[in-house]
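Given the structure of chain A, go ahead and fit chain B onto it with the hints provided.
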Amino acid sequence: MRIMFAGTSSNVGKTLITALFCRYLRTKMIMVSPFKAFNLSSNSFVTDDGSEIGIGQALQAWASDLIPDKRMNPVLMRYENNSLRTFVNGKEVKDKERKELLDTALTSFDELSDMYDVIVSEGSGSFAEINLRENDIANINLATSRNIPVILIGDIEKGGVFAGIYGTWRLTEEKHRHLLKGFIINKYYGERKILESGIERIASLTGMRCFGVIPSMNIKLPEEDSSPERERYGDDEIDTFIKTMDTVLEGIREHVDLDGIMNVLGSSARCDP
Amino acid sequence: MDSIKKKVKEEIDRGWTGPNLKCEYGPCHYTGQDCTYCFCPFYPCNDEELGNNIVTKKGDIWSCLHCHLIHRTNVCRYIASKVKELNITDPSDPKLKEMLPDIKKRFLIPGKAIMVLGATSDAGKSITTAALCRMISRKGYSVTPMKTQNMSLNSMITSDGSEVASIQMLQSKAARMKHPDHNINPILLKPMGSGKVQTIVNGNDFGIYDTDSYYNEFVPSDGIEAVRESISTLKKRYEFVVIEGAGSPAEINIYDKDIANMRAADIADADCILVVNMNWGGGFAYALGTVELLSDNDRKRVKGIILNNMRGDPSSLDTGIEELEKILKIPVLGVIPHINLPLPTEDSFALSHLTAPEGAVKICVIKLPRIANFTDMDPLYRENASVVHTEDTNDLKDADMIIIPGTKNSFEATEWMRSSGMDTTLKEMKGKVPIIGICGGYEIMCRTLSDERNKEAPSSAEGMGFFDADVSYNIGKRMTVAGVISGTDEKIKGYELHKGDVITKELPLFRLISFNGDECYEGSSKIKEKLFGTYIHGIFDEPAFRKFILEMTGRYIPTKYSDVSYDKILDETLDSVADIFTVSLNMNLFDKIFPGGRQ
Numbered sequence: 000m001r002i003m004f005a006g007t008s009s010n011v012g013k014t015l016i017t018a019l020f021c022r023y024l025r026t027k028m029i030m031v032s033p034f035k036a037f038n039l040s041s042n043s044f045v046t047d048d049g050s051e052i053g054i055g056q057a058l059q060a061w062a063s064d065l066i067p068d069k070r071m072n073p074v075l076m077r078y079e080n081n082s083l084r085t086f087v088n089g090k091e092v093k094d095k096e097r098k099e100l101l102d103t104a105l106t107s108f109d110e111l112s113d114m115y116d117v118i119v120s121e122g123s124g125s126f127a128e129i130n131l132r133e134n135d136i137a138n139i140n141l142a143t144s145r146n147i148p149v150i151l152i153g154d155i156e157k158g159g160v161f162a163g164i165y166g167t168w169r170l171t172e173e174k175h176r177h178l179l180k181g182f183i184i185n186k187y188y189g190e191r192k193i194l195e196s197g198i199e200r201i202a203s204l205t206g207m208r209c210f211g212v213i214p215s216m217n218i219k220l221p222e223e224d225s226s227p228e229r230e231r232y233g234d235d236e237i238d239t240f241i242k243t244m245d246t247v248l249e250g251i252r253e254h255v256d257l258d259g260i261m262n263v264l265g266s267s268a269r270c271d272p
Numbered sequence: 000m001d002s003i004k005k006k007v008k009e010e011i012d013r014g015w016t017g018p019n020l021k022c023e024y025g026p027c028h029y030t031g032q033d034c035t036y037c038f039c040p041f042y043p044c045n046d047e048e049l050g051n052n053i054v055t056k057k058g059d060i061w062s063c064l065h066c067h068l069i070h071r072t073n074v075c076r077y078i079a080s081k082v083k084e085l086n087i088t089d090p091s092d093p094k095l096k097e098m099l100p101d102i103k104k105r106f107l108i109p110g111k112a113i114m115v116l117g118a119t120s121d122a123g124k125s126i127t128t129a130a131l132c133r134m135i136s137r138k139g140y141s142v143t144p145m146k147t148q149n150m151s152l153n154s155m156i157t158s159d160g161s162e163v164a165s166i167q168m169l170q171s172k173a174a175r176m177k178h179p180d181h182n183i184n185p186i187l188l189k190p191m192g193s194g195k196v197q198t199i200v201n202g203n204d205f206g207i208y209d210t211d212s213y214y215n216e217f218v219p220s221d222g223i224e225a226v227r228e229s230i231s232t233l234k235k236r237y238e239f240v241v242i243e244g245a246g247s248p249a250e251i252n253i254y255d256k257d258i259a260n261m262r263a264a265d266i267a268d269a270d271c272i273l274v275v276n277m278n279w280g281g282g283f284a285y286a287l288g289t290v291e292l293l294s295d296n297d298r299k300r301v302k303g304i305i306l307n308n309m310r311g312d313p314s315s316l317d318t319g320i321e322e323l324e325k326i327l328k329i330p331v332l333g334v335i336p337h338i339n340l341p342l343p344t345e346d347s348f349a350l351s352h353l354t355a356p357e358g359a360v361k362i363c364v365i366k367l368p369r370i371a372n373f374t375d376m377d378p379l380y381r382e383n384a385s386v387v388h389t390e391d392t393n394d395l396k397d398a399d400m401i402i403i404p405g406t407k408n409s410f411e412a413t414e415w416m417r418s419s420g421m422d423t424t425l426k427e428m429k430g431k432v433p434i435i436g437i438c439g440g441y442e443i444m445c446r447t448l449s450d451e452r453n454k455e456a457p458s459s460a461e462g463m464g465f466f467d468a469d470v471s472y473n474i475g476k477r478m479t480v481a482g483v484i485s486g487t488d489e490k491i492k493g494y495e496l497h498k499g500d501v502i503t504k505e506l507p508l509f510r511l512i513s514f515n516g517d518e519c520y521e522g523s524s525k526i527k528e529k530l531f532g533t534y535i536h537g538i539f540d541e542p543a544f545r546k547f548i549l550e551m552t553g554r555y556i557p558t559k560y561s562d563v564s565y566d567k568i569l570d571e572t573l574d575s576v577a578d579i580f581t582v583s584l585n586m587n588l589f590d591k592i593f594p595g596g597r598q
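Top line first, the protein sequences correspond to chains A and B.
Numbering follows numbering that gives the first Met the number 0, in which position 178 of the first sequence is assigned residue number 177; successive positions increment by one, without gaps.
Numbering follows numbering that gives the first Met the number 0, in which position 252 of the second sequence is assigned residue number 251; successive positions increment by one, without gaps.
Next up, chain A with everything else stripped away, as it sits in the complex (with noise of 0.2 Å):
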């Protein structure tokens, strides 16, 4: 089973609702994997066998109670110095073609979905980069490969979000909308019965379904804009981490249908091969 969460702009918190999903499929005892196909970031993390990897899904790795590993994130763009550099499958390379990579991407996925029972996808960036498309490696183009189920995560703080989640939806090609099953709008300080309107218009507009509204939440992550080249994680650190992705959880449950989640990634093993 599988499923993407999506963002309509960077930055709106697709990490964090990954890693808490992950953990939400570990209390209900479910073999989770984290997955995020390519990673643009400043920094990265280095696994047992000297593979990097974006720190993001080291945090959801151990959201998933596993040790990170370099297939969770098989493309890494980092920047150094003014420089990027490009790791693939944790190593760096040079000048790699972007079509290889997705099949790069892809078989990464198809091995850690023989090893476990979910894997859960972060997108990167923003889901509908048009001027990108052919590029793309973590979002559409890894959605349609392997038939995955996609939620959409719009962050309400910088305004907007209803065109945003809107606009989206509307740039993904007709023939793979089906794909896109909901949103979550995240990052709220208000009442949400003052976002329904807008919410049951986006609703009917699109036919995708409202997963929740999460409200601001001031989390500290050791988060993938942080120090460069975290290589250390002590134990006590990661403990404390998971400790608060289980407190955050359980914020977060009356303001997310978790249930309905669960039914997309439930519909996505009809389609298992």
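Keep in mind that the hints were calculated from the coordinates and are not lab data.
Honestly, I wouldn't trust all of these hints.
Keeping only pairs whose Cα atoms sit at most 35 Å apart, straight-line, the calculated DSBU-like set for lysine-lysine is [claimed, not checked]:
1) A:K186 to B:K299
2) A:K219 to B:K426
3) B:K172 to B:K559
4) A:K186 to B:K328
5) A:K192 to B:K366
6) B:K559 to B:K361
7) B:K366 to A:K219
8) B:K302 to A:K192
9) A:K219 to B:K396
10) A:K174 to B:K299
11) B:K366 to A:K174
12) B:K366 to A:K186
13) B:K591 to B:K256
Here the structure is a predicted model, which is why all the values come from computation and not from measurement.
For chain B alone, kept in the frame of chain A given last:
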């Protein structure tokens, strides 16, 4: 009157001359104005549509402060040709005054309104509005910025004593206006915490609202009325009105209650430009979603899209632009690169990202709860200084200078100063480095603050006791001021905006001189202990006080901006921004969509 008649005679004999760039009083209305009729041949017209009567001690005066009609090139040319045609040589000739109704009919048609919408907050609306104002002004048109409703704790006082958002004042500088008034921002909302806002309408206090009463009581009545009035006034006065929207216009859950976007566009009959921040990703989706979620009528107003804040190669957007234009049938006017210029934006510490030079003076600005008017510090970023906004007492320990800025709530702030340990640290630092309190920060440095306006629930608080001074709350002040640093001839200017009154026994910091020559002292100053307090905002704008205070750190190294007034620095920066927009936008297309003026 005879001498004026003589001047008018000279003017009508001379014919059309165009702008007078060498005039020592110019430009008296706006940059680019036509000066053929420096003395208006119709004065006093007593036409309420053009000017207004002012009652003064010396009697009534007909004021033409906001009348631009006589300074428009097309009007001046028309009058000159009519004077010739009718062979008018005597300024008392009734034929001259009889021309006015005809001129009004021909030329006094409402200006063109352009509205700058954003797909999100922080899309770059404010800067785009400023850039458009400067670009239009450069073409010689009279232009004004406007934002119907702004939520901000950074406000300024106009020369007529109205309180408006600082960013609209900056934009009025971009438009090179001489007399901005409350109309550039008729509704200013100052958040007070726990969902309440202080509402400033037409430059004056209008009371406190919560979200519910604001949208359900204020907006449908006084709110929409204020918006209507200001839009109609500005359209009468200016050839162009560039209106900045607020947040996203496509908040479909509150669409009919929003008076800062499409409702205002409708009232102003504005053509709209949508600005999208490309830096976060998803820009095309946001652009498309925003336009398509507008109502059918509103959608027709959107005439162009600007893709803003693009880092990297703009040509990488080409295929996306093509697809977007095909779906929306609205042209993308251009891609604006990320602009790396120190320009203040609306409500963030936008300048803080600037990297400080080696050996810079470290200036700590204490990040008080409900910090207000932190734009005061903007000029310091052009000095050899690193400006750090901080809540951390450790930051203060190696500071070369400390600023306690303004706050919306001095009482809450004194409490916070104690609970955060800031007051203990400041007492340790006292005498070592200059400490300057501005407005609320000044009040905090006094001995006691007592507010007895509400007789049932008077409130009082202990200040830091740095000055032999106490604060009471009565009428306060809301006005622009000018003067000198006390005991010197070094000029300063700024504005006061406060409810409190400090009664001080310390030496003053400034000597203020009013336009009629009256003098008074302001502020508190303890030179030996390097303690200074003032109610005046904008004190760093003129170079004198910047130098005065920075030299006191003992580590002052001037920069090329140190002797330059911040107005001038801003003016240059605004020019650079307008340059970037001019080269980045398809100007042929732009001119076609927004044809110039009423020619």
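Outcome of the hint check:
1. A:K186 to B:K299: holds, 32 Å
2. A:K219 to B:K426: holds, 33 Å
3. B:K172 to B:K559: holds, 22 Å
4. A:K186 to B:K328: Since the Cα atoms of A:K186 and B:K328 sit roughly 33 Å apart, the hinted pair holds (cutoff 35 Å).
5. A:K192 to B:K366: Distance of about 34 Å is within 35 Å: holds.
6. B:K559 to B:K361: holds, 19 Å
7. B:K366 to A:K219: This hinted pair holds, its Cα atoms lying about 21 Å apart.
8. B:K302 to A:K192: holds, 34 Å
9. A:K219 to B:K396: holds, 26 Å
10. A:K174 to B:K299: Within the cut-off at roughly 29 Å; holds.
11. B:K366 to A:K174: violated, 52 Å
12. B:K366 to A:K186: With Cα atoms ~24 Å apart, B:K366 and A:K186 stay inside 35 Å; holds.
13. B:K591 to B:K256: holds, 33 Å
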